[in-house]
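If you read the sequences in order, they're chains A and B. At position 191 of the first sequence (counting the first as 1) the number is 191 in this note's numbering, and the numbers step up by one without a gap. At position 73 of the second sequence (counting the first as 1) the number is 73 in this note's numbering, and the numbers step up by one without a gap.
These are calculated hints, taken from the structure and not from any lab test. Hints are not guaranteed to be accurate.
[What the hints assert, rightly or not] To spell it out: a stretch of chain A is covered by chain B in this simulated footprint if at least three of its residues, at any positions, have a beta carbon under 8 Å from a beta carbon of chain B; those stretches are:
| # | region |
| --- | --- |
| 1 | 43 to 50 |
| 2 | 100 to 114 |
| 3 | 122 to 136 |
| 4 | 223 to 230 |
This one's a predicted model, so the numbers in the text were calculated from it and none came from an experiment. Just so it is clear, CB atoms sit at the ideal spot from N, CA and C, and this is done for glycine as well.
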Amino acid sequence: MNPTVVPAGDAAAMVVFGDDLDLELNDAVLSLERRLSEADVPGVIELAPALASLLVRFDPLVTDLATIEDAVLEARSGPDDEAPAPGRRWTLPAAYGGTYGPDLEEVAQSLGVTQDEAVTEHASLDLRVLMLGFAPGFAYLGLADERWNLPRRASVRPAVPPGSLLVAVRQTAVGGTTVPTGWHVVGRTPAALFSPTADEPFLLQPGDRVSFEPIDGGTFEELAEAARRGRSVARRRSP
Amino acid sequence: MSGQFEILRAGPGVTVQDLGRPGLQRFGVPEGGVLDRHAHHAAAALLGNPPELASLELLLSGVQLRASKGTLQVAVTGRPGSMTIDGTRVPPLVVLDLPAGSTLDVQPGADGAIAYVGIGGGVTTEPVLGSRSTHARAGLGGLAGTSLQEGDVLAVGPHTAVSPGRTIERPPVDPGPIRVVWAMHAELFDDCVAALDQTFAMTAARDRMGAVLQPAEPIPADAGLQIPSAPVVAGDLQVPGDGRPVALLADRQPTGGYPRLATIIGADLDRFCQLPVGAELTFEVVGLEEAVALHRAHRRRLETLPQAVGVAGASLWGTNLISGITVGDEEPR
Chain A
1 MNPTVVPAGD AAAMVVFGDD LDLELNDAVL SLERRLSEAD VPGVIELAPA LASLLVRFDP
61 LVTDLATIED AVLEARSGPD DEAPAPGRRW TLPAAYGGTY GPDLEEVAQS LGVTQDEAVT
121 EHASLDLRVL MLGFAPGFAY LGLADERWNL PRRASVRPAV PPGSLLVAVR QTAVGGTTVP
181 TGWHVVGRTP AALFSPTADE PFLLQPGDRV SFEPIDGGTF EELAEAARRG RSVARRRSP
Chain B
1 MSGQFEILRA GPGVTVQDLG RPGLQRFGVP EGGVLDRHAH HAAAALLGNP PELASLELLL
61 SGVQLRASKG TLQVAVTGRP GSMTIDGTRV PPLVVLDLPA GSTLDVQPGA DGAIAYVGIG
121 GGVTTEPVLG SRSTHARAGL GGLAGTSLQE GDVLAVGPHT AVSPGRTIER PPVDPGPIRV
181 VWAMHAELFD DCVAALDQTF AMTAARDRMG AVLQPAEPIP ADAGLQIPSA PVVAGDLQVP
241 GDGRPVALLA DRQPTGGYPR LATIIGADLD RFCQLPVGAE LTFEVVGLEE AVALHRAHRR
301 RLETLPQAVG VAGASLWGTN LISGITVGDE EPR
C-alpha cells in the first residue's frame, strides 16, 4: 500500500493512504507518523495523523514539499513499516443510558437488541484511538463491526457534556470539552480526557487502545468528583 | 513597575492573542493566534516588543481601555476606525503614551475587519498550553478563556519605553484577487474551475474559526459526497452541502469532513481576514511554486518590520509629538 503525497496549501503536505475507514490504513498512518517523528526532519512544525492520512506542516523558510516527500519515502523504506508501535491500554469507566446516554435505547433498537445487551456489546469492544480532532482531547475510537455502522442523527445536539460516549459510523467518539454533536449519545465517562493545566493535558493519543467498563450512576458521581479533584479515573492496563 | 489596564467597554470580538500554540493539532487543539500576522508584528515592531508577546485583537469590534497603573505605551495597527486618548484624536501606526488614568478609545473600522492594540511589554495573562491566545470555543487562554468584557483588569509585562512618535508606513491595500492553490479534493467537484471563477461576498457569518462566503452561484458537489475526516490547514475553502464555501481560519476545528476546493495562500491570509462584511472578492489560482515564493517573501517582510520603523515628522498627521498630542489647531495638552 503506497501513499500519495499531495500539497495542502503552500506550507504543508498530506500523505494519503486511502479514503476508507480501515484499521490497516490507520496502522500505516500511525506507523509513518512515528517514524517521521523519530526522523526529526528540520522545519517540520507538526504531524497530525487522521483516519487514513497524515498532515505534515512545515516552515516554508526551512524546508519544502520535495524534502518532505523524500523523508516520507525514507521513513517507509525501513523494515516492518506497517506495524505501529503499541500504544497504551486504557479502561475507562462509563455510565450508560438514562441521563448519561439518552440515545442508548434507539441505538439498541437499531442493533436489534436490548439496552443491556447493547451495553455489554459496546463494553466488550477493544477499541483503538484512530485519531483526535474536532476539539481538544476529542478522540475517535474504532472499529466496531458493520452492525454499528449507524448513520448520524437527523438533528444536532448543541452541547453535550465532556466525556460523553458518541457512536456512529462504526466509531465511538469521546471528548474532553462540551461539544455539539450529530452522533448518538449512549453514555458518559467521568475520566478527564483534556486537562489544560496538567503536565499531561491529553489522556488519549493516536494508537492507544481503549475499552469501557460499565458503572452505575452512583459510581459515576463518585468518580466524577475524584476527577474534579485531579485524581486519575482512567485505568492503565498492562499490555 | 509593570503596568495594568482596565476594559471600560468592549465589542464582542476583543481577545488576547499571540502567535498561537502550533504543534497540537494531533490532539484536536487548533493553532489559533492572531488573524492578521502583519498587523500584529507591526505593533510589536513599533513598541520594541518581541512578536511572541500578546496584543489585543479587535475583530469587528471597538474597545475602550484605561491605564490603571504606570504609563503604558500603545500602538494600534491593522484597520481601526477613529481613535482618541481622553477624547482627543490620535493616529494609528504610531507609538502613543497612555499615562495612568488616561483612556484609549478605538472604534471599529469601516474598511477592514481587524485592529490590534499592541501594548509595550505585552498583555500578560496566564498562558495555557504554551500560549496566551484565546480559543473561546474550548475556553483556552486569554482572560478566563473568553473575549474581554467591561471590568476586566489585565497586566502588562516589563517594558523599556521607546520614543513616542515611532511610526511605520501603512501597508498598501491590495484590491486584487485573493490567490489560492488547488486543494486535494478539487477534482471531486463537478467543475472546480467554474466554481472558483465567480464573485463572492464576505458574509456576516465569520469569526476566528472561519468565514462563510456567498458565491454568485452555489457550488455543486456530488450529493452525499463523503470524505473521511482529515486534518485541515489555515485558508482551506471547505464546501458543505449548501454550496457556500467556508474559509477555515486560526481557530478552525483541526479536522474536517467536507470537500476542500482550494486553499488561500499563506501570503494572502492576512489580507483575506481583513475583508469587511459585505466586501466582494474574487480568487486567482496560482501554482505551488509561486505560492511558496510569495509565502517566503511574506515571512521575510514580517521579520524585517523592526527595520521599517521610523520617527514621524511633526507635520505628518498634524500632530505635535514633542510637547504633547494635538490634532490640527487644537491647543497642545
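Outcome of the hint check:
{"no.": "1", "hint": "43 to 50", "in the structure": "holds (count 6)"}
{"no.": "2", "hint": "100 to 114", "in the structure": "violated (count 0)"}
{"no.": "3", "hint": "122 to 136", "in the structure": "holds (count 6)"}
{"no.": "4", "hint": "223 to 230", "in the structure": "violated (count 0)"}
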